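Student: From just these sequences and the hints, can you work out the full model?
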Amino acid sequence: MNFRPIAGIDVGKFFSEMAILSPSNEVIARMKIRHDSSTDVERAVELLKKTEKDFDSRPFVVMESTGHYHKILFHSLYKAGFEVSVINPIQTDSIKNIGIRKVKNDKVDARKIALLYRFQELKTTNIPDEDIECLRSLCRQYYKLSDELTAYKNRLMGIVDQLMLNFKDVFPNIFSKAALAVLEKYPAPAHILKANRNKLIALIQKNSRRSLKWATAKYELLNSKAKEFAPLSISNSSNVAMLGVYISMIKTLEENLEKVLKAIRSLIIEDMAKDMPMLALTLELLQSIPGIGLISAVTILAEIGDFSAFSKPGKLVAYFGIDPSVMQSGEFTGTQNKMSKRGSRLLRRVLFTIALANIRTKRDKTAYNPVLMEYYKNKCQSKPKKVALGAVMRKLVNYIFAVLRDRKPYELRSPQEHAQMLAAKHTAA
Numbered sequence: 001m002n003f004r005p006i007a008g009i010d011v012g013k014f015f016s017e018m019a020i021l022s023p024s025n026e027v028i029a030r031m032k033i034r035h036d037s038s039t040d041v042e043r044a045v046e047l048l049k050k051t052e053k054d055f056d057s058r059p060f061v062v063m064e065s066t067g068h069y070h071k072i073l074f075h076s077l078y079k080a081g082f083e084v085s086v087i088n089p090i091q092t093d094s095i096k097n098i099g100i101r102k103v104k105n106d107k108v109d110a111r112k113i114a115l116l117y118r119f120q121e122l123k124t125t126n127i128p129d130e131d132i133e134c135l136r137s138l139c140r141q142y143y144k145l146s147d148e149l150t151a152y153k154n155r156l157m158g159i160v161d162q163l164m165l166n167f168k169d170v171f172p173n174i175f176s177k178a179a180l181a182v183l184e185k186y187p188a189p190a191h192i193l194k195a196n197r198n199k200l201i202a203l204i205q206k207n208s209r210r211s212l213k214w215a216t217a218k219y220e221l222l223n224s225k226a227k228e229f230a231p232l233s234i235s236n237s238s239n240v241a242m243l244g245v246y247i248s249m250i251k252t253l254e255e256n257l258e259k260v261l262k263a264i265r266s267l268i269i270e271d272m273a274k275d276m277p278m279l280a281l282t283l284e285l286l287q288s289i290p291g292i293g294l295i296s297a298v299t300i301l302a303e304i305g306d307f308s309a310f311s312k313p314g315k316l317v318a319y320f321g322i323d324p325s326v327m328q329s330g331e332f333t334g335t336q337n338k339m340s341k342r343g344s345r346l347l348r349r350v351l352f353t354i355a356l357a358n359i360r361t362k363r364d365k366t367a368y369n370p371v372l373m374e375y376y377k378n379k380c381q382s383k384p385k386k387v388a389l390g391a392v393m394r395k396l397v398n399y400i401f402a403v404l405r406d407r408k409p410y411e412l413r414s415p416q417e418h419a420q421m422l423a424a425k426h427t428a429a
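Taking UniProt numbering, the leading residue of the sequence shown gets 1, the next gets one more, and so forth.
Since the hints were made in silico from the structure, they are not lab data.
Keep in mind it's a predicted model, so treat the numbers as computed, not measured.
Hints should not be assumed to be uniformly reliable.
What the hints assert, rightly or not - Straight-line Cα separation of at most 25 Å, SDA-like style, residue types lysine to any residue; simulated pairs:
#1 K144 to L47
#2 K153 to G244
#3 K377 to L281
#4 K362 to M393
#5 K262 to S146
#6 K251 to L232
#7 K312 to P415
#8 K185 to S235
#9 K50 to S76
#10 K315 to E284
#11 K13 to K177
#12 K71 to E42
#13 K79 to T39
#14 K32 to S65
#15 K177 to L115
#16 K262 to D364
#17 K312 to L281
#18 K377 to T366
#19 K225 to L203
#20 K315 to V86
#21 K53 to S65
#22 K53 to K13
#23 K13 to L47
#24 K365 to Y375
#25 K168 to K213
#26 K53 to T39
#27 K194 to V160
#28 K168 to A202
Tutor: See below:
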């Protein structure tokens, strides 16, 4: 396998540089491939076929994962019959200092990417399932929009505090439909005090969908609070203008988030109509784990992709990026090792939220997940809370692995019950 020609491809936004190494690691061909040129892609395929003929061995192609820019070239080479490995930039960074001289350009990087194959065992990357690829794209867009929405909400709160700090006394949730409608129409205390009483009450009632009595009470409180804060209000033209901008952005982002959610649901519904609805069934299995809702399940499924790539729980833990980093040199072994955080950032974000849900209590003070709650409390006796939460996250990844491996819903079992089941299996065997 090490005596095959290797093609390393350094991927850029508009073009890629390809360097082909002989089995003896000599550069035998170079080529610039423009991503918008089908002719360049065809020439690259022909060059790889010529290399195969010259060395009587099909070249292995290695390219760096660079946003979405590598996808067109990857699909073209894969369809042409070549084995292609898409690698993480972290892997290519590990070989950047192979030479003494400090040289950084695309041609040099393409050669180094090819050399990486000689030093590490790289696996062929399969073309992902189209539904999974769509879900991954939709999920990532969902979280980007969510983050933008949070940012604009924070900015809006800052402006509202300057215009009317006590507005929250009237509408605790200033992002409710009624609150935003009032702010948009009457941004400052002066506008509220000058407003027509009946029109303002009607606006509150329409957007809150509450009774006239409730809307009238809200108006009276709002008018009272506006009188209190009017002398302190910083109601300049800048604040009033930006208030309108932020409200408009919040509404637009919320509409777009709903569109993304609708697209996700449509994909699931389409899958359910198939003879073998694997997507919908897998999401159902994941949602059997406490704390995992639809979006969390979709994110986990989309980010993991091909589950067959994970032969044991430890590999999935590493993919989530919650495995401990290792610090060891000579006789020294580090004891305060943090999470590697080398895996999917989105998976860690979702997993963190799920872990928090599993260690909380319900309104009746009972544990949401008594097994993980007890596990967390026991860990907290000897470890800091963050470390204990990390242990809960790892447990949850083990649950996810077991559910996907066995294709069975999650069952809440105490450690004692689990040990008894394992003992019974060994006895039967």
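Student: Take the hints in turn and mark each one as holding or not.
Tutor: Structure-based check of all given hints:
The suggested pairing of K144 with L47 is violated, with an alpha-carbon distance near 40 Å, which exceeds 25 Å. Taken as a hint, the K153 and G244 pair is honoured in the structure, with Cα atoms around 12 Å apart against an allowance of 25 Å. For the given pair, K377 sits about 33 Å from L281 by alpha-carbon distance, which is inconsistent with the 25 Å threshold. Pair hint K362 plus M393 holds up; C-alpha atoms about 20 Å apart against a cutoff of 25 Å.
Between K262 and S146 the alpha-carbon distance is near 15 Å, which keeps this suggested pair within the 25 Å criterion. Only pairs whose Cα atoms come within 25 Å are accepted, and K251 paired with L232 is rejected, the gap being roughly 28 Å. For the given pair, K312 sits about 20 Å from P415 by alpha-carbon distance, which is consistent with the 25 Å threshold. For the hint linking K185 to S235, the alpha-carbon distance of about 14 Å falls within 25 Å, and the restraint holds.
Between K50 and S76 the CA atoms are separated by roughly 17 Å; this keeps the pair inside 25 Å, and the hint holds. Taking the CA atoms of K315 and E284, the gap is near 23 Å; set against the 25 Å cutoff, the hint holds. Annotation: proposed proximity of K13 to K177 is violated, straight-line Cα distance about 42 Å (limit 25 Å). Straight-line distance between C-alpha atoms of K71 and E42 comes to about 16 Å, which keeps the hinted pair within the 25 Å bound.
Between K79 and T39, the direct Cα distance comes to roughly 16 Å. Compliance with the 25 Å bound is thereby established for this hinted pair. A hinted pair counts as satisfied when its Cα atoms are at most 25 Å apart, and K32 with S65 qualifies at roughly 17 Å. At most 25 Å may separate the alpha-carbon atoms for a hinted pair to count; K177 and L115 exceed this at roughly 58 Å. Distance restraint check for K262 and D364: the Cα-Cα separation of roughly 34 Å exceeds the 25 Å cut-off, and the hinted pair is therefore not satisfied.
At roughly 22 Å between alpha-carbon atoms, K312 and L281 fall within 25 Å of each other, so this suggested pair holds. With a C-alpha separation of about 14 Å, the suggested pairing of K377 with T366 holds against the 25 Å cut-off. Taken as a hint, the K225 and L203 pair is honoured in the structure, with Cα atoms around 18 Å apart against an allowance of 25 Å. Taking the CA atoms of K315 and V86, the gap is near 18 Å; set against the 25 Å cutoff, the hint holds.
Our distance criterion of 25 Å between C-alpha atoms is broken by K53 and S65, whose separation comes to about 28 Å. Under the criterion of a C-alpha separation no larger than 25 Å, the hint pairing K53 with K13 is inconsistent with the structure, at around 31 Å. Restraint check for K13 and L47: the C-alpha separation of about 22 Å stays at or below 25 Å, so the hint holds. Between the alpha carbons of K365 and Y375 the distance comes to roughly 17 Å, so the proposed pair stays at or under 25 Å and holds.
Of the pairs offered as hints, the one joining K168 and K213 holds, with about 20 Å between alpha carbons and a cut-off of 25 Å not exceeded. Pair hint K53 plus T39 holds up; C-alpha atoms about 21 Å apart against a cutoff of 25 Å. Under the criterion of a C-alpha separation no larger than 25 Å, the hint pairing K194 with V160 is consistent with the structure, at around 18 Å. About 20 Å separates the Cα atoms of K168 and A202, which keeps this hinted pair within 25 Å; it holds.
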